[in-house]
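Heads up: the sequence shown begins at 24 in our numbering, then just goes up one per residue.
What the hints contain is simulated information worked out from the structure, not anything from laboratory work. Glycine included, each C-beta is placed from N, C-alpha and C at the ideal position. Any given hint could turn out to be false.
[Stated by the list, open to error] With a cut-off of at most 16 Å between alpha-carbon atoms, the simulated EDC-like pairs for lysine to aspartate or glutamate come out as follows:
{"#": "1", "residue 1": "Lys38", "residue 2": "Glu79"}
{"#": "2", "residue 1": "Lys104", "residue 2": "Glu79"}
{"#": "3", "residue 1": "Lys105", "residue 2": "Asp122"}
{"#": "4", "residue 1": "Lys151", "residue 2": "Glu79"}
{"#": "5", "residue 1": "Lys132", "residue 2": "Asp73"}
{"#": "6", "residue 1": "Lys133", "residue 2": "Glu92"}
{"#": "7", "residue 1": "Lys105", "residue 2": "Glu79"}
{"#": "8", "residue 1": "Lys151", "residue 2": "Glu109"}
{"#": "9", "residue 1": "Lys133", "residue 2": "Glu155"}
{"#": "10", "residue 1": "Lys132", "residue 2": "Glu92"}
{"#": "11", "residue 1": "Lys132", "residue 2": "Glu155"}
{"#": "12", "residue 1": "Lys133", "residue 2": "Asp73"}
{"#": "13", "residue 1": "Lys159", "residue 2": "Asp129"}
{"#": "14", "residue 1": "Lys133", "residue 2": "Glu158"}
{"#": "15", "residue 1": "Lys151", "residue 2": "Glu116"}
{"#": "16", "residue 1": "Lys104", "residue 2": "Asp122"}
{"#": "17", "residue 1": "Lys57", "residue 2": "Glu92"}
{"#": "18", "residue 1": "Lys102", "residue 2": "Glu116"}
{"#": "19", "residue 1": "Lys132", "residue 2": "Glu109"}
{"#": "20", "residue 1": "Lys159", "residue 2": "Glu109"}
{"#": "21", "residue 1": "Lys181", "residue 2": "Glu116"}
{"#": "22", "residue 1": "Lys151", "residue 2": "Glu163"}
{"#": "23", "residue 1": "Lys151", "residue 2": "Asp122"}
{"#": "24", "residue 1": "Lys159", "residue 2": "Glu180"}
[Unchecked claim] Pair ranges (Cβ atoms, derived):
{"#": "25", "residue 1": "Glu158", "residue 2": "Lys104", "range": "20 to 26 Å"}
{"#": "26", "residue 1": "Asp129", "residue 2": "Glu186", "range": "33 to 39 Å"}
{"#": "27", "residue 1": "Arg179", "residue 2": "Arg68", "range": "21 to 27 Å"}
{"#": "28", "residue 1": "Phe108", "residue 2": "Tyr193", "range": "34 to 40 Å"}
{"#": "29", "residue 1": "Ser174", "residue 2": "Arg136", "range": "22 to 28 Å"}
{"#": "30", "residue 1": "Gln28", "residue 2": "Lys133", "range": "41 to 47 Å"}
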Amino acid sequence: MTLNQYVRDIQDFPKPGIIFKDITPLLANPKAVKECMALLINNLRDRNIDKVVGVESRGFFFATLLAYELGAGFVPVRKPKKLPFETISASYELEYGTDTLEIHTDAIKKGDRILIHDDVLATGGTAKAVCELVEKLGGEIVQCNFLMELSFLNGREKLAGHEVYSPLVY
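Assemble the whole structure, with the sequences as input and the hints as a guide.
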């Protein structure tokens, strides 16, 4: 199965000049989801993952499935003021400004083995901020994994020192 056939390009979304990679066709196809899960989890089974950190919002789709398959907990990372308990935050640069992500202060314990998952690795700013949050709480990042990587944006460079995996690379 070629997963690329389930990712459609949307021209000029969310703004002119951007080609958005839409994964909703993939999510609507159970066989594609199953194949995607197999690829994402293939090298993680013996890695003793304690928690899977999913990044708002599209990262939640596969992060919860990965947590379930690995017998691990799920931890959401969200935009400011979306989590109800005490949080810490990290800000990151966007091509058009800055943004911030938050995580509960009790979500990760010192020494927890963490898988970070998001739908796409683009410039790496979001993923780097999530790594900072996890490490601030004492988590050990086992892998940062993504459904797809836009390699021409060089996001891996911001994640130097962390293992990165993505089954789809554009």
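Checking one constraint from the list: CA of Lys104 to CA of Asp122, max 16 Å. Satisfied? holds, 13 Å
Verify the proposed pairing of Lys151 with Glu109, using a straight-line Cα cut of 16 Å. violated, 21 Å
For the pair we were handed, Lys105 and Asp122, check the Cα-Cα distance against 16 Å. holds, 14 Å
Does Glu163 sit within 16 Å of Lys151, going by the straight-line distance between their CA atoms? Given that 16 Å is the threshold and the Cα spacing comes to 14 Å, the pair holds.
Keeping to a limit of 16 Å between CA atoms, is the pair of Lys57 and Glu92 held or broken? Roughly 12 Å between the alpha carbons, so the hint for Lys57 and Glu92 holds.
Take the C-alpha atoms of Lys133 and Glu158, compute the straight-line distance between them, and say whether it is at most 16 Å. holds, 9 Å
Restraint status (C-alpha distance of Lys105 to Glu79 at most 16 Å): holds, 10 Å
Check whether the Cα positions of Lys132 and Glu109 lie no farther apart than 16 Å. holds, 15 Å
Range first: 33 to 39 Å. Now tell me if the beta carbons of Asp129 and Glu186 are that far apart. At 26 Å between Cβs, range violated.
Does the hinted range 21 to 27 Å hold for Arg179 and Arg68 at CB? holds, 24 Å
Would you mind confirming whether the straight-line C-alpha gap from Lys132 to Glu92 stays at or under 16 Å? Not satisfied, since the Cα-Cα distance of roughly 21 Å exceeds 16 Å.
Between the alpha carbons of Lys133 and Glu92, is the straight-line distance 16 Å or under? violated, 23 Å
Violated hints, in rising order: 1, 6, 8, 10, 24, 26; the structure is consistent with all others.
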